[in-house]
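Chemist: If you're matching them up, the sequences are chains A and B in order. According to my numbering, the first sequence holds residues 1 to 353 in order. According to my numbering, the second sequence holds residues 1001 to 1474 in order.
Do not rely on the hints blindly, as some may be mistaken.
Here are the computed lysine-lysine pairs in the BS3-like style, where the Cα-Cα straight-line distance is at most 27 Å [claimed, not checked]:
# : chain 1 : residue 1 : chain 2 : residue 2
1 : A       : 236       : B       : 1441
2 : B       : 1355      : A       : 223
3 : A       : 251       : A       : 223
4 : B       : 1035      : B       : 1090
5 : A       : 236       : B       : 1355
6 : A       : 165       : A       : 236
7 : A       : 236       : A       : 251
8 : B       : 1355      : A       : 220
9 : A       : 223       : B       : 1090
Reference listing, derived: stretches of chain A covered by chain B, where coverage requires no fewer than 3 residues with Cβ under 8 Å from a Cβ of chain B [stated by the list, open to error]:
#  : region
10 : 42-52
11 : 137-148
12 : 161-171
If you are wondering where the hints come from, they were derived from the structure by calculation, not from laboratory data. Where a beta carbon is used, it is the ideal one built from N, C-alpha and C, also for glycine.
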Amino acid sequence: MKQLIRRSKLSLFVVCLLSVASLATSARAAPLRVVTTMPCYADIAKRVGGNRVTAEALVKGYQDPHFLRPKPSLANKLKNADLLVSTGLDLELWLPSLIDLSRNPEIRSGQRRYVSASQGVTLLEIPTVKSRVNGGVHLFGNPRICTSPINAKVIARNIATGLIKVDPRSEETYRKNLHLFAEEIDRRLYGKRLIEILGARILNRMVTNPDRLVAFLEEKQYKGKPLIEYLGGWLKKGLPLRGRKIVGYHKNWAYFNHLFGLKMVNYLEPRPAIPPTPKHIEQVIEQMRQEKISVVVAANYFPEDRVRLVAERVGATAVIVSMDVGGMPKVTNYFEYIDHLLDALLNVFANQG
Amino acid sequence: MDDLGILDLMLPAFAECLVLVGIHSYLGLHVIRRKVIFVDLALAQVAALGTTIGFLFGMAPDSTAALIFSMLFTFVGAAIFSITRLRGEKVPQEAVIGLVYALAAAVVILIVDRAPHGAEHIKEVMTGAILWVQWETIVLAAVVYGGVGLFHYVFRRQFLLISDRPEQAYAQGVKVRLWDFFFYLSFGVVISISVQTAGVLLVFVFLVVPAITATLITDRLIFQLAIGWSIGTLVSLFGLALSYFGDMPSGPTVVSFYGVMLVVVALFLFVFKAPTRTKALLKLAVGLAATAGIGVALFAIGHGLGQSRLAVGRAQKAVTSQTSQLPAQFDSQKSEQKVQVLNNASGLLRALTGKTEEQQEEILGSIDATHRDVLADAFQKTDDYSIRLAVARHIFVHDRARGACLLYETLLAAESPFIRGETISVIEELAGQAFEINIEKPVSTNSEKVTSLKAWLAETGCRRFDLKRGGESP
């Protein structure tokens, strides 16, 4: 009997020792340093990685990601990166030379510590004629994938896959966080009630064609009321935007427009990344008058006065938005970013009546 | 339509050009005489540095505070330039001017790099935005330039003397350094305003080209001014028109047109002032022929090197023309496809996915009774409830027991209240009676309510309905 007690005490002691040791090692392991190109990837990486990672973006939310002035600190960040997340398309053309400079071969595209955020995203605006004659065309499709929260879930999945590859011991945490993030996006996109009624799986399948989803919600009934009345979240908030015509500055709105049904009928740039020319501006102004378009929207890194000038010509309103997380002081995370885009547009239409 | 044409769009730009021509053609003459060609670039950059540092202290770049800031910096620049004009001139003043430009530009980049829109801001300083100029800006510029012009007119004796014959000015006891300071000061005020709208490039040609052209033609100031003004006006007019009709960026078009104008005038003068005209004309012809020859040669080289790329382009064209024929083939395959749909579950599912209920019914209606196994197979292979319901409903028409069992299976597997509701409504429609099932909860948890439904299932012939994963017909 005594022996038995002693033995059990001993085993208890061993268990205690082991657990303390494991606690100590997990506490000692420094958080992974995730470096991303776009701020929205960094915010998503923080959510998926939780306290296991630190995430930092190379591009600021108020900068044009096409152009980044090379600075020594950027190369240093890449040198110390445990994981690099970039769009993986032809947006950040400055990145390869920066990686060369960093001497961190493992974060090169295709290597172990590299994540392509756009993997698995259904790309829009894929050009049929691949030529630079049409301006700064993106050959693979529009690279501003963060503008749709549906893509945010795909990006989160890609980041989680990368984190698990680099840090397999925390796999469970990453999977749990990924699940929570996807749930949060769903809740903010459709509203809690509609998910209860329809199920997130079905909604997510149907949202690949947002117009059809909305038509479905309007047509189908639940307990005597059309489903659309149970809709909440961003989609509900964005309903007044569906079918509205607006003019943009640069072609970086594809995924937002697709989800919220906005019709961006023209851009101030005659061709992507080619500055506005007099004749083209004249055409845009003419079109806005004819089609009674009352909103011009632009990211805050484009020349604001030009946008306002064109808008004033036709009595329209210029909407200047933050095109990513951190582009304006009030846009501190991804959810606020989507809120910000919606609010900015909705406010104008509300004020115009 | 409203009168939104060339006038509405280009008139402000043209007015701004005229205002710029007025003062810059005059100041350009001074600049040429003093041999300080790049002083405008340097002063513009110093002004930009002022704006940028103002921005660092929280002043918006286009506010009055920022303008005052840039003026203050311009004063410092003017002071530097008037102090560094040395009598002996061991170090040419152009060196100081270049240095000031480089330092100011570097500091601007250092500061701007930490601020939003940094890169755009720097680009703007170079190219300007004359197309976007506003009437308030033009009026302000006109007033300020007028003031500077008046100042120069009143003290024309001193200004012309120190620009033309500085040695004589020193000899006469004129305070050269003081008047130099006033010159650069007024110059800086003009530059810091004009660069904001026209950009460094445009301001530079406005300053230099009319002055050079006029100096080539005559030595008398009043004629030089007249020539400079008329050339400036003409070039602005044609340059902006070219920009409009050719859809080209306005600032650079005017700049290039100025260059063309200068070459044409120079060539004309070369022939006109030559001792023997025929010889000069001959030289001109040879020169033009040589230029044309070089052009042709360059074209040939470019064409030769570009050949391979063109070939690729042609090959791509061939591919696209092939794909454009595809839809026609597709149509002819359609009837064949229908047959395939009938005996292949995955083909049927592909055909049903993303269709409206009516379309689904039509597709299912084209399937005859002999292919019922395909239907059941398709039912098991999909998890899309709407396809499941359509297929089960179709099976029900031919085989009540099997259809009812499949519908019950859909009801049990339903993942959300809405799908339970949809399934129940199909069942109720087919049964012709209401079952009052609580769709908020899974069917298995409100089993007492399911009695009447089970009775109906038994009646159709579907017996093994108690199975958790759906029923099965006997």
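Chemist: Hints first: check each against the structure and report whether it holds.
Modeler: Tested hints:
1. 236(A) - 1441(B): The hint holds at about 26 Å.
2. 1355(B) - 223(A): This hinted pair holds, its Cα atoms lying about 25 Å apart.
3. 251(A) - 223(A): violated (42 Å)
4. 1035(B) - 1090(B): holds (15 Å)
5. 236(A) - 1355(B): holds (24 Å)
6. 165(A) - 236(A): Answer violated: residue 165(A) to residue 236(A) is near 38 Å, above 27 Å.
7. 236(A) - 251(A): holds (25 Å)
8. 1355(B) - 220(A): holds (15 Å)
9. 223(A) - 1090(B): Distance ~95 Å between residue 223(A) and residue 1090(B) Cα, so the pair is violated.
10. 42-52: Answer violated; 0 residues pass the 8 Å Cβ test.
11. 137-148: violated (count 0)
12. 161-171: Since 0 is below three, the answer is violated.
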